[in-house]
Amino acid sequence: MGNYFLAEWKKTRKIQIILIGITFLLFASFIGLGIYFANREVLKEGTQSLVLWGQLTFYNSSLLFPPMLAILTAILLIPEFERKNIEFLKANQVSMGKLYCGKLVSICILLLCIQLFLFFIFIVSSKIDGIVLDFNLFVYIKWVLLSIIASFSIITLQSYITVKTKSFSKSIGWATVGSMLNFVLIFVSERLTKFFPYSQPMIALRSRALADISSSDLLLFLAVNVTYIVVFSRLTISTLNCKN
1000 MGNYFLAEWK KTRKIQIILI GITFLLFASF IGLGIYFANR EVLKEGTQSL
1050 VLWGQLTFYN SSLLFPPMLA ILTAILLIPE FERKNIEFLK ANQVSMGKLY
1100 CGKLVSICIL LLCIQLFLFF IFIVSSKIDG IVLDFNLFVY IKWVLLSIIA
1150 SFSIITLQSY ITVKTKSFSK SIGWATVGSM LNFVLIFVSE RLTKFFPYSQ
1200 PMIALRSRAL ADISSSDLLL FLAVNVTYIV VFSRLTISTL NCKN
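So the number in our numbering is just where the residue sits in the sequence shown, counting from 1, plus 999.
Treat the hints as calculated values from the structure; they're not laboratory data.
Mixed in with the good hints, there may be bad ones.
Label-pair distances were calculated between CB atoms; the ranges are [as the list claims (entries may be wrong)]:
id: 1; residue 1: 1084; residue 2: 1172; range: 19 to 29 Å
id: 2; residue 1: 1164; residue 2: 1042; range: 43 to 53 Å
id: 3; residue 1: 1118; residue 2: 1092; range: 38 to 48 Å
id: 4; residue 1: 1179; residue 2: 1093; range: 36 to 46 Å
id: 5; residue 1: 1092; residue 2: 1140; range: 24 to 34 Å
None of the values given here were measured: they were computed from a predicted structure.
From the three backbone atoms N, C-alpha and C, an ideal C-beta is built for every residue, glycine too.
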């Protein structure tokens, strides 16, 4: 397994992925910070840090994050279908399961870097504004780590769509529709977002709740995401193993 990870890590376009992730993050942060500072004077004392966190993460996690993950997933998988590279790998007895797991580990490391940059923006912004954090730093770090788990529900789903369609544009199109549906669900029935795959990063980052996750909600969150990850990982690997 280690050899598969090293091989995939070398192939991964790390700088390109990091730059795409940071570009999306900076764009969403610019919107969020603009709204926060425009309404800074009307905020109640003692609520500023949570409102800042919510504004920083809401537009990113609810609208921009799914398409970004779709782009990163397509960057990892689409090259395998170029020049029948996937057929060459299968002919040489390369395990599709291990190859895919190697890709997931690679994107996990890069995604962690992107999400930690979000945390960095939050800390710098709070220092500039001179506000005291409502929660211990470890609570915010926990939310960031939960967002990594939530991301894999979307990544594995997008992986299946990508290997099924072998299309960059269709994969991103599905993710865009998913993020728009998530936005609609927020206003129609927010309880349904707990089960919708494209809503999971928003739930993990507490962008709407602005409160720490309860034990019961955490168990539900983990159950939902583990189910999505297992199901769509297996479907992706099964599709990769199929003869074209």
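So, going through the hints one by one against the coordinates:
1. 1084 with 1172: 19 to 29 Å: holds, 24 Å
2. 1164 with 1042: 43 to 53 Å: Holds - the Cβ-Cβ distance for residue 1164 and residue 1042, about 45 Å, lies within 43 to 53 Å.
3. 1118 with 1092: 38 to 48 Å: holds, 42 Å
4. 1179 with 1093: 36 to 46 Å: holds, 37 Å
5. 1092 with 1140: 24 to 34 Å: Given about 41 Å between the Cβ atoms, the range is violated.
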